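Using the sequences and the hints, build the whole thing.
Protein sequences appear in the order of chains A and B. No gaps in the numbering here: position 136 of the first sequence is 136 in the working numbering, and each next residue is one more. Throughout, the working numbering is defined as the position within the second sequence, counted from one, plus 1000.
These are calculated hints, taken from the structure and not from any lab test. Keep in mind that a hint or two might mislead.
Incomplete in silico selection of chain B near chain A, CB under 10 Å [as the list claims (entries may be wrong)]:
| # | residue |
| --- | --- |
| 1 | R1106 |
| 2 | L1137 |
| 3 | G1139 |
| 4 | G1218 |
| 5 | D1222 |
| 6 | S1268 |
| 7 | L1272 |
| 8 | G1363 |
| 9 | G1373 |
On a predicted model such as this, the values are computed, not experimentally measured, just so you know. C-beta: ideal position from N, C-alpha, C; glycine also.
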Amino acid sequence: MSELKDTEAEPADPHALDEPHARLLARLGAELGDAVLEQEPCFGIPVVRIRRDSWRRAAEVAKVTLDCDFLSFISAIDWQPAPKEGDEDSSDTSSPVQPQDVTYGVAGSDGRFQVFAHVQSTFRNWGLTLKVDVDEHAMLAESWVPVYPGADWHERECWEMFGISFDEHPALRHLYLPSQFEGHPLRKDYVLLSRVVKPWPGLVDVEAMPDEPAADEPAADDAEGAGESDDSGGDPE
Amino acid sequence: MNLPPRASEAERSRASTGERVAASGVSPLATSEPMELDPRSFRHLADMQVNVELDTGDMILNLGPQHPATHGTLRIVVRLDGERVISADPIIGYMHRGYEKLTEFRTYPQITTLINRIDWLSSFANEVPFIAAAERLMGIEAPPRALYIRTILTELSRIATFLLFLGEMGLQVGALTPAFYGFRDREHILNLIEAATGGRFHPNFNRIGGLKDDLPWGWVNDTRTAMKTAFDACDTFEDLVAGNEIFEARTRSIGIIPAELGAAYGVSGSNLRASGVDWDLRRDGKPYLAYPEVDFRVWTHPDGDSFARYWVRLQETREAARIVLQLLDQLPSGPIMTKVPLIIKVPQGEIWVETENPLGQMGYYVVSKGATGPFRVKIRSASFSNVSILPWLLRGVYVPDVITILGSLYFILGDIDR
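The following block contains the structure:
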């Protein structure tokens, strides 16, 4: 593995950008100017936070100037940690416990909600992750549909799952969920009802078979034999 | 009863000639407005008259959610004028299982059981990018032997998926035999996957830092034999399906995806390569698994129609078998697991990992806050984007071609709905 050898030879920064990506980032900065709020490399891919009013222009620049013709996805994230359930001393380690303090990811954020997208080029082998903050009270972002027609379904998904609206989107309708569905399931404060009704069983989830005394060898043999005789008795009928 | 008018003879003959190219996407048909009867679109004045007389307005046809051609529960609401589609609106979500939410309630090792069920025909390939994301965030790497076995199993899932497609595509245009061949030939590959992992469809074989088990004894030779049958199967399908006159008539110049538009819609994988885009993440993406060590060709086709998609997948099946044979020859020895802590905690950070899956680009955007489970996982599945082009692609085509196009795009419902 060339990759393996490289990492063994020198503990290089895993985030460092290669030369084409560095150029890509520089050109994006030159085109967008102060609309770039923050930028940070993340495992070789530039992550750029765009000012709210330049979100669509960023897509245009990415598509036209930077040759990122391929829209990989658009999605959103809710940085507010989910309210803690259960008691802290519980020995149940099966469910992950997230830290309760609010921290933001790569390239930062100025609020709870963020829309992020990944675009890449099919002929230049580079890609770019773009982020934009969403005002928690307005819950509105600029739509990418005029630039990437494929943004349609992705934005419908964001609207449905997070409640983020997109201006100029042709029809924000429910995508996965029934049209009467209320709530936005991927928000952190949306309760996963199945877990409330019954907690995740945890690491050990082995039940004894019916009619089988747990972990008792001779008894299990007996039960097996009884089952067989039942079967043979039932056959003539 | 509002029976639609039957397509006239002229329209039928047009369906098998090049004029259909113009029909899919370009005006005057490329509009979601109610279609005006344009005399220029009829070859004979008589046709127009017949159509005007029988004009009964649009008919709405619900294709699915249980239609066999939708491979599951995809529903497409098609508005028809006669046999021609005016607009098509795919309605998804009948299989939505909320995996992105569920991942937030599970630990990293538990999540692999979920993502096995995204694209259930090539489950092993689904696991790879997620495991890679966790490994890169933790700064560990699986040993070379594990990477090679992962690559082999990924390519085997590709062959299994495509063999089924190559047979099933015949079924979509009315040929029953290839479907049986597809299922039969796929079985050889599934047996191998089962022998190595224990599961035919849901291997759940990857572990963060390596693999669950080493290969069973004799598996390498069995695989070599099975690759021979895979090559034979490809030859059969090339003869039986791709070389068939009726198949060509039904698929040539049907459902053309222009390269630029396809990319802007996020169409990826074989579907995009069939539109002439020479882009394969195995070769062009960030190096992953053992792909830098193998020599393979990326197949493209300039046409972008249903036939091209079939042809590209046919070639890619052979290429995948060649990759497997190469990897078997180079398979290194050594451990299959690297050292990982008993309770896996992934350091704070976020990462985007993408791989070339059988259906196209599959990726995970994992955000970790240092806990035993991820804070957020965005699952980018190939079929979702591949199918999102349908409203554009189905506009103006005829009803039988809808089925051909659906078949040739080759999506898995679990991969759309997640």
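Hint by hint, here is what the structure shows:
no.	hint	result
1	R1106	holds, 7 Å
2	L1137	holds, 8 Å
3	G1139	holds, 7 Å
4	G1218	violated, 26 Å
5	D1222	violated, 26 Å
6	S1268	holds, 7 Å
7	L1272	holds, 7 Å
8	G1363	holds, 7 Å
9	G1373	holds, 3 Å
Checked against the numbered hints listed earlier, the structure breaks hints 4 and 5; every other hint is satisfied.
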